[in-house]
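Enquirer: Sequence:
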Amino acid sequence: MRTPVRLAATALGLAAVLGAGWGAGALAGPVGAAPPPAHAEDAGHAGADSHEAAAAEHDLPAGLAVSAEGHTLDLAADALPSGDAVPLSFRLLGPDGAPVTAYETVHEQDLHLVVVRRDLSGYQHLHPTLAPDGTWTTTVALAPGSWRVVADSTPTAHDAGLVLGADLAVGGASEPVPLPASSPTAEVDGYTVTVEGDLVAGQESEVVVTVARDGVPVTDLQPYLGARGHLVALRAGDLGYLHVHPTAATGAEVRFAVEVPAAGDHRLFFDFRHGDVVRTAAVTVTAR
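Mapped onto mature numbering (1 follows the signal peptide of the UniProt record, and there is no 0), the consecutive letters of the sequence shown carry residue numbers -28 to -1, 1 to 260.
Okay, the calculated beta carbon distance ranges per label pair:
| id | residue 1 | residue 2 | range |
| --- | --- | --- | --- |
| 1 | G42 | E147 | 35 to 41 Å |
| 2 | V249 | A153 | 23 to 29 Å |
| 3 | P59 | A145 | 21 to 27 Å |
| 4 | S54 | A103 | 23 to 29 Å |
| 5 | G247 | T222 | 16 to 22 Å |
| 6 | P156 | T222 | 18 to 24 Å |
| 7 | P150 | A113 | 17 to 23 Å |
| 8 | P67 | T157 | 42 to 48 Å |
| 9 | D248 | A57 | 19 to 25 Å |
| 10 | T77 | T191 | 25 to 31 Å |
None of these hints come from the bench; they were simulated from the model. Because the structure is a prediction, the values reported are computed rather than measured. We treat Cβ as the ideally placed atom computed from N, Cα and C, and that holds for glycine.
Work the whole structure out from these sequences, hints included.
Expert: Below, the structure is given as structure tokens:
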């Protein structure tokens, strides 16, 4: 099993050890339509297959820098209106200042885009369309407030993963939404998602996710992005990013290896596909 990728710590020294607790909420509704994957995942899906692209200078967590390793995430607009299907476009500029036009396919996509509200109350994992001139386009549901756009990709010429992030302001009156109360489960579209595990800062922690419907375990999850589940962890406060694929999936259980460097709250977003629809459930984890 490949060693899980670490979410790099900042120099702020989050050293206080907090008691571990699990909280939950639900992010209702399916993820944007995705084509059926071409192949199923088995228990040996590329080992742990956790990945985090190269962090920015000074060991910043992935997704916190708009520029790193000569590349820059260039949003077409850093302010957008609210709406259910707002056009969003951006480019990844290379070391020569020109838009990147060639990418490696990783987990069945050339680029993974996460659009998340700063208070973690809104989240979408999207796969935009690339134009020949290097412009990526998609539509996104946006409520008023402050958002973060995180692009996770591997430019062919760079031959290494990059995770870059940029702020996005969405017009309209808004109020911060607190993290949900502690609970080990989340409900989404009639499914109950249960997350078990104990995150310990600086150590590999196993997280086991199960999905049930009407009290019956779902054992026939369909492959999504080449696996039977997909996990994004975002740290509360700074939105440091970690992208994890399963170490194994047997029966109703999907297992992940997750390593965070510091104690504190993290929001875990679990994507799963069943009945040809991709859904997302969210829980809050406090690492100790």
